[in-house]
Amino acid sequence: MSTETKRQAVVAEVPRLRRYAIALMRDRTEADDLVHDVVLRALDKLHLWREGTNMRTWLFTIMHNLHANEMRRRSRMLDVVPLDTAPPRAEAAGQESAVELSELSRAMGGLSSLHRQVLLLIGLEGLTYTEAAEVLDVPVGTVMSRLSRAREDLRRRIDEGTQTATIRRVK
Amino acid sequence: MSEDRISDSELNALVDGELDPARQAEIEAWLAEDPDSARRVARYRAQNAGLHALYDDILHEDVPPKVAAAFETRRTGVPPWAAMAAAIALFVVGAAGGWIVRGEAGVAPAPQVAQAPRIDTKELMVRASMAHVVSHDDELRRVSTGGKAEVGDYLADRMGKPIRVPSLETFGYRLVGSRVLPDTAGPAAQFVFADETGKKVSLYVRGEQANGVDITYALADDLSMFYWNDSDRSYAMVTRLDDDQGREALLNAAKAVYGQLSQ
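Residue numbers (my numbering), protein chains in the order written: chain A, 1 to 171; chain B, 172 to 434.
It should be emphasised that the hints constitute simulated quantities derived from the structure, not laboratory data. Do not take every clue at face value.
Here are the simulated EDC-like pairs of lysine to aspartate or glutamate, each with C-alpha atoms no more than 16 Å apart in a straight line [unchecked claim]:
#1 B:LYS332 x B:GLU321
#2 A:LYS6 x A:ASP44
#3 B:LYS371 x B:GLU340
#4 B:LYS426 x B:GLU340
#5 B:LYS237 x A:GLU30
#6 A:LYS45 x A:GLU4
#7 B:LYS332 x B:ASP403
#8 B:LYS371 x B:GLU321
#9 B:LYS370 x B:ASP414
#10 A:LYS6 x B:GLU243
#11 B:LYS237 x A:ASP27
#12 B:LYS319 x B:GLU340
#13 B:LYS237 x A:ASP33
#14 B:LYS237 x A:ASP37
#15 B:LYS426 x B:ASP401
This one's a predicted model, so the numbers in the text were calculated from it and none came from an experiment.
Please build the complete structure, drawing on both the sequences and the hints.
Right under this line is the structure:
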């Protein structure tokens, strides 16, 4: 496969990388900075990508590592609370009402980074457990237990949020 | 009953399609007897659906200039695109490399002409797609019946070089107009074709000496295009496609034009 074809395979993954980065970091500017860095790194290391392996998993792995480095760097600095600049769409289609979506968005924001990662990789990006394990560099069993806890954590947070909202409305 | 209770990991695996079909059928049957677990499965599925509802729109957004710039800096070492290029999200996708080797899993690189620079695909595509979007009738030189020779003369006169006028009639597209547009590479030509329903296909031709590119597919915003070049010009066929069938038709039209112009 020519370098140009590989480059184009990277280009084709940009929307997925952005979706994951924005959902994970909850800040579009930071997310696009991260995607920018992932693209640079991927293009520099393009010769290391083995043909026949999954380009998406490879790129998500690069993103995970860069993101982890960034988080480590930040934890040494002041605690930065990211703004949620990705509000849910006003006209939420389907069964989910805008209120439910904003509840979900808020609850996602409350999750730990580890839980958010695993939920997004599998629930949103549709990675298999094996792929997620590769990206996160943990055993498959860890992915499964983490995912299970993340979903319960999210469910609890949504329920608590909804109860608060209901009480507010009743008052 | 506790031995029948479905494990957390299997509930999750069901949601994520990670169970083999036999086990999946078994678990699904058990769910009918275990309303708590069934509720959890429904909640998890709703979580996934909610995440898609929240974030899927991002997939259709333009690639921000900052990200596009990352590709640029690693291509030539030059600064990011010119401001105009940044205004259009440019998006080259899919197996490129052209129809000469089409059907191959791995695509052979285009033949390299020694010392010739690369074709400036961004410039070509930005200009071709802009020209396509703003090709309203009144801006085009209308083509009178049987006016192909007239169009050719008109363009040759303004471009300073003869140019063949392609025909797409076998594809149901009639030449409806043409014009000369300013381009950094000198005057560029645009041909606009339309079918009976008014659907437009345009061909943008700019002077450019670059090494060979076979017919290659690209997307810029919601416009699809096939582009290629010959010894001194680059070409882009542009239209708005609805499906893969349209893409195939556009490719065939591009091949026909390629054949007509390189005779």
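(request) Could you tell me which of the hints above the structure violates, numbers in ascending order? (result) Of the numbered hints, just 8 does not hold.
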